[in-house]
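*Asks:* One letter stands for each residue in the lines below.
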Amino acid sequence: MSLMLIDEDRLFPAEPSARKVARALYAHVRNLPIVSPHGHTQAGWFASNGPFPDPATLFVQPDHYVFRMLYSQGVSLDDLAIGQPKINEPRKVWGIFASHYYLFRGTPTRMWLDYAFQELFGLHERLSEKTADLYYDTISEKLNTPEFLPRALYQRFNIEVLATTDSPLDPLTHHKMIRDSGWKARIIPAFRPDSVVDPDFPNFTGLIAKLGEQSGEDTSTWIGYLNALSKARARFRALGCTSTDHGHPTAQTADLAPSEAKSLFAKVISGKADTAQKELFRAQMLTEMARMSVEDGLVMQIHPGAVRNHNPFIAERYGRDMGCDIPQATDYVHALRPLLNRFGNDKNLTIILFTLDETTYSRELAPLAGHYPCLRLGPPWWFHDSPEGMMRFREQATETAGFYNTVGFNDDTRAFLSIPARHDMARRIDCAFLGRLVAERRLDEEEAFEVAHELTYGLVKKAYRL
Amino acid sequence: MSLMLIDEDRLFPAEPSARKVARALYAHVRNLPIVSPHGHTQAGWFASNGPFPDPATLFVQPDHYVFRMLYSQGVSLDDLAIGQPKINEPRKVWGIFASHYYLFRGTPTRMWLDYAFQELFGLHERLSEKTADLYYDTISEKLNTPEFLPRALYQRFNIEVLATTDSPLDPLTHHKMIRDSGWKARIIPAFRPDSVVDPDFPNFTGLIAKLGEQSGEDTSTWIGYLNALSKARARFRALGCTSTDHGHPTAQTADLAPSEAKSLFAKVISGKADTAQKELFRAQMLTEMARMSVEDGLVMQIHPGAVRNHNPFIAERYGRDMGCDIPQATDYVHALRPLLNRFGNDKNLTIILFTLDETTYSRELAPLAGHYPCLRLGPPWWFHDSPEGMMRFREQATETAGFYNTVGFNDDTRAFLSIPARHDMARRIDCAFLGRLVAERRLDEEEAFEVAHELTYGLVKKAYRL
Amino acid sequence: MSLMLIDEDRLFPAEPSARKVARALYAHVRNLPIVSPHGHTQAGWFASNGPFPDPATLFVQPDHYVFRMLYSQGVSLDDLAIGQPKINEPRKVWGIFASHYYLFRGTPTRMWLDYAFQELFGLHERLSEKTADLYYDTISEKLNTPEFLPRALYQRFNIEVLATTDSPLDPLTHHKMIRDSGWKARIIPAFRPDSVVDPDFPNFTGLIAKLGEQSGEDTSTWIGYLNALSKARARFRALGCTSTDHGHPTAQTADLAPSEAKSLFAKVISGKADTAQKELFRAQMLTEMARMSVEDGLVMQIHPGAVRNHNPFIAERYGRDMGCDIPQATDYVHALRPLLNRFGNDKNLTIILFTLDETTYSRELAPLAGHYPCLRLGPPWWFHDSPEGMMRFREQATETAGFYNTVGFNDDTRAFLSIPARHDMARRIDCAFLGRLVAERRLDEEEAFEVAHELTYGLVKKAYRL
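Chains as they are written, first to last, in the working numbering: chain A, 1 to 466; chain B, 1 to 466; chain C, 1 to 466.
No wet-lab data here; the hints were simulated from the structure.
As the structure is a prediction and not an experimental result, all values here were calculated from the model.
A few of these clues could be false.
[To be verified] Quick partial rundown of chain A residues pointing at chain C, CB under 10 Å, derived from the structure:
{"#": "1", "residue": "Ser17"}
{"#": "2", "residue": "Ala18"}
{"#": "3", "residue": "Lys176"}
{"#": "4", "residue": "Gly344"}
{"#": "5", "residue": "Glu440"}
[Claimed, not checked] Derived Cβ-Cβ restraints for the label pairs, each shown as a range:
{"#": "6", "chain 1": "C", "residue 1": "Ala24", "chain 2": "B", "residue 2": "Asn31", "range": "47 to 55 Å"}
{"#": "7", "chain 1": "B", "residue 1": "Arg156", "chain 2": "C", "residue 2": "Glu160", "range": "47 to 55 Å"}
{"#": "8", "chain 1": "C", "residue 1": "His124", "chain 2": "A", "residue 2": "His124", "range": "48 to 56 Å"}
{"#": "9", "chain 1": "C", "residue 1": "Ala257", "chain 2": "B", "residue 2": "Glu316", "range": "14 to 22 Å"}
{"#": "10", "chain 1": "A", "residue 1": "Glu129", "chain 2": "B", "residue 2": "Lys347", "range": "15 to 23 Å"}
[Stated by the list, open to error] The list that follows gives simulated cross-link-like pairs (lysine to any residue, SDA-like), each with its CA atoms no further than 25 Å apart:
{"#": "11", "chain 1": "B", "residue 1": "Lys461", "chain 2": "B", "residue 2": "Ala238"}
{"#": "12", "chain 1": "A", "residue 1": "Lys20", "chain 2": "C", "residue 2": "Arg151"}
{"#": "13", "chain 1": "C", "residue 1": "Lys461", "chain 2": "C", "residue 2": "Arg151"}
{"#": "14", "chain 1": "B", "residue 1": "Lys462", "chain 2": "A", "residue 2": "Glu260"}
{"#": "15", "chain 1": "B", "residue 1": "Lys347", "chain 2": "A", "residue 2": "Phe313"}
{"#": "16", "chain 1": "A", "residue 1": "Lys272", "chain 2": "A", "residue 2": "Glu260"}
{"#": "17", "chain 1": "C", "residue 1": "Lys20", "chain 2": "B", "residue 2": "Met4"}
{"#": "18", "chain 1": "B", "residue 1": "Lys272", "chain 2": "B", "residue 2": "Asp218"}
{"#": "19", "chain 1": "A", "residue 1": "Lys347", "chain 2": "C", "residue 2": "Gly83"}
{"#": "20", "chain 1": "C", "residue 1": "Lys462", "chain 2": "B", "residue 2": "Leu77"}
A virtual CB, placed ideally from N, CA and C, is assigned to each residue, including glycine.
This is chain A alone, in the form it adopts within the complex (with noise of 0.2 Å):
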């Protein structure tokens, strides 16, 4: 038995002379504020600031990491309630996961979930069969306690600034109930437009006749769409908002003839649109979206490269997001091309690219990045969201971008209490990272601590204009 989850010197070197360098630039950042400009907690937890519920509905339900390490070993979904509006026996799900921990060997959503284990609810000893129920009531517990509220542990967390990620359709209630209710925090929506710019979303043309309706646009029309949009843009910047976030299947961008644009909108708003046509689309949107960000100023994000729904018999059963996305090798080089042709040298613009293909790192994107002055690396996203991911990344993106291209940490979570976790680790492996060239005497120990200072906190502030 352990007595420990988390160690205090895990993820850093170790060589000695690195692990020291990684422990005392890690000092000097471990207590700087989160800054989280990407992720996908939900405003409402802050609007009503109600008690999270039991463990199983907190920590198995909506985490597509857990759950699908749990079904690629034979366990059943229906079991663990996924898809279902309540679960019905929480204890007998949270004993499920509880008997497979041991799966998660190895694995960051492991070393997340200790870490919450262990700082948050004070348990020591491994989640497994054996302490399932120790854990579960430990948790159930904690979470009833006024300390466990959401605005509670948003200010524990120490968290000054929060983005959501929203439609353009949300009314955007329980942001406005955040600012109207007086409480000093900054939680800020982020404008997600793919429902109503990829043809292939569900109810796409019945989506974008409701953005019209409620912009009072004509969104029949490929003026009155693009009006549309812009005024939802300007609802979001209103409250907050400074960036928006593109999930298109690649990253395709296309620069039309407005009179060819119009002509593909009618096409697309028809319902007649080939497959080409579709992506044609979505490529010309990525460049609409930057126009309008040369003027409004909204940081652009573009998260390419997810072949969403790859297992359809999940995908009917338990709905969208469930863990059946599978990455796909993704060209940003010619892709990017017509956009950037157009804006790239656009001071006023900043497109923060995102990747699920490693092999760009060092072949497209540090070198994109480190050469159009609108593009920003993205930190190591989803399935490289994890200790070596992260290590690949700064080892493959540095030499050619440098530093300063890139964009600090996103922790892109629907799981709020993983967020210090999840931080917690980005902070650790650019300690680690820095750790090791200054051992190997690639950088001064005092510029890396100003290099680790930046990469927590002084670039996601700039990047994201925040």
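Knowing the structure of chain A, use the given hints to seat chains B and C on it.
*Replies:* Just chains B and C, lined up with the frame of chain A:
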């Protein structure tokens, strides 16, 4: 002159704290039995149990890892007697090999060979022009002793299971002879139907006809052809077979309607199929094989991505499998979808995926195996079956797929004497990886012991249903 | 403030046992002569032997590694006098560079520059806004001393061979002047025919005509064109040239029948070729160049995979090679097949392959070079000519291709003063890699000394036939 060819601490991390853990873990697994579920040894060796011939015929002629390197540096394959039925001057061939042995510095081949030289033949001075005759004489002498007969080595190597790889047309006579001999060893066939499912295989239609004769089915019809394959699988299973193996140029699968599949078969069997139709037929056959696996429980192995016979001069002059196969970029995310959409959620199916394209580890394979219950990841294969390659696999696959979606080690070798060395290398690298995780406080030491045992022994038996 | 810009132990492993070996290996090779078989220095510098101008003209204006990073962070290229014939206010340009020098933290550019600043100019405090003038004055003063004239530096750098890169249209006047001067240095041209074999090169047909005039051949015919190229090669060889160089967008080769090649040339020369025909022509010309190399013994270098002039705004305003080239995914396994099928087994041919796509190291390049006798692997190139990039190359290529299918280091630089720093970095990383192999008991220390010498000096001379 070095006093030993191999060192007790080889392949462990140099950093003392990680090395200490790696040593302890290795002590725990080094003597576990060898389970070899996939390879290319010959059942005939064990059936007849005759002595292995001279050193050149044993170590040079059959090992394409060896002669491809020599050829790349200008050595003539004729001088090495490659492709010849018998080596006329084996000592001369050995001398060429010995004088070029320095070329293998930094390669796994060198480590496999040194292990055999030292551990089996008691040699301690590095092979070179100078020591060529010493080696030749020492090895020759030992090969003629009873301790070096195939069955004696099998026992000495502590092999628990050894699978060969066999054509559906193979009568498996040697496997039957081993069974009938009463020798207590578990040597089992694996079902590799490439020659009768790949229309590009030499004499494909002739082999299909032969399959018909052998099975008493009319293989000129789609149904008869499928029946013949099914009967062949049953025949293999009766001799202990638990797995199939599929070596296609790509991982493409298909799920045609029965009538389409029937028409495609007719086209293919007529010899008039074009390139795309041949590829589609291979793709459909993977799904047919999966269907049969759901029924009969044989585990599928897919080994895609080799461009076979890249050098036609060599292929024409010396034959197939002569070291001039080259990997190509390989897609899994789209290619496997037809098969997975049909059978990917079936609990009775296991598919073990291999790759020659390491970029797919983190981008496609780990996400796929970390979700689909039927998928497992095979160990690093061929060019990547090496210390660095194995380490990259663990570093790139573990964080998304965990340890438990992998299946232990395959030696995949034609070189029987290299089997202990290859398993030893895999055990050392796994212990080195785990040692680093412990040293970096990412895993408890007691957990690492459990995982090391699983990676060495538990997972392979479970995944291959042994 | 640091007291030294560069440290004696830089780039060695932090782990003491590996570092100790690395130090010893480095002591063995650090003073070996520099053999620079591929680069972009100007013969004119050595012909005229005039002083280098001011620091900005020397370090900022010609170095696209430098100004691409500055541009990526919003510095105006106009402010840096990029693309201008003369810098009017060099101290001001230097000041901009100095105040942004922190951007290069973690990049090889920073290490190259610091080496030159400390080792050549005796500077010890890091470049910054504060030290800008100190640097400017110190460097300016030294540049006007005899010790800093090009020929003096050539001797001081201990250069044994220095190859430039030249167009077939170049009269090589400066090379002749150097020869005629009686100065005992080996400065040789390399034959880079891109401008007259790539139909996408600006003024391609005009240059072909010029090639005809120069050679006395009728380059409007296929035969005359080939003759002219052959004569140009002979002219280069007479001045010591041992290699050609080919910088195509892809690695595609072709092997057309002579009549097809003739027709294709006619099409291309007419200016009416489409994109595919232009690509086919480049592909055919690689095979034609290989054919000539079989005859005249020039070693071929292939540098594929750059998307040139990705940013048309920069290209139009500031010209070619201005830092906006971006790598793309590059196939070798299929692309090289036509050439290799024709000449791949010819012992008189050497082709050195380079890549901007690191994924090909283990998947394609090492397997190809580990088989074909004509193929060798060039060192990491351009964006990958960096500590991490070099280490990845060794880790990913060695196990399949060994050390002896590689060719030592290329500095490939326009920046003459960076040559010692670049070779030093390569020597250190090779020693660091070998040090780890020894520390992990994968190589004997005495072998590592031999290999280090080969990687530094032996292999380059052999591969480039110097």
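*Asks:* Next, verify each hint and record whether it holds.
*Replies:* Now the hints, each set against the structure:
no. : hint                              : result
1   : Ser17                             : holds, 5 Å
2   : Ala18                             : holds, 5 Å
3   : Lys176                            : violated, 36 Å
4   : Gly344                            : holds, 6 Å
5   : Glu440                            : holds, 6 Å
6   : C:Ala24 <-> B:Asn31: 47 to 55 Å   : violated, 36 Å
7   : B:Arg156 <-> C:Glu160: 47 to 55 Å : holds, 54 Å
8   : C:His124 <-> A:His124: 48 to 56 Å : holds, 51 Å
9   : C:Ala257 <-> B:Glu316: 14 to 22 Å : holds, 21 Å
10  : A:Glu129 <-> B:Lys347: 15 to 23 Å : holds, 22 Å
11  : B:Lys461 <-> B:Ala238             : holds, 19 Å
12  : A:Lys20 <-> C:Arg151              : violated, 46 Å
13  : C:Lys461 <-> C:Arg151             : holds, 22 Å
14  : B:Lys462 <-> A:Glu260             : violated, 58 Å
15  : B:Lys347 <-> A:Phe313             : holds, 14 Å
16  : A:Lys272 <-> A:Glu260             : holds, 16 Å
17  : C:Lys20 <-> B:Met4                : holds, 21 Å
18  : B:Lys272 <-> B:Asp218             : holds, 20 Å
19  : A:Lys347 <-> C:Gly83              : holds, 21 Å
20  : C:Lys462 <-> B:Leu77              : holds, 23 Å
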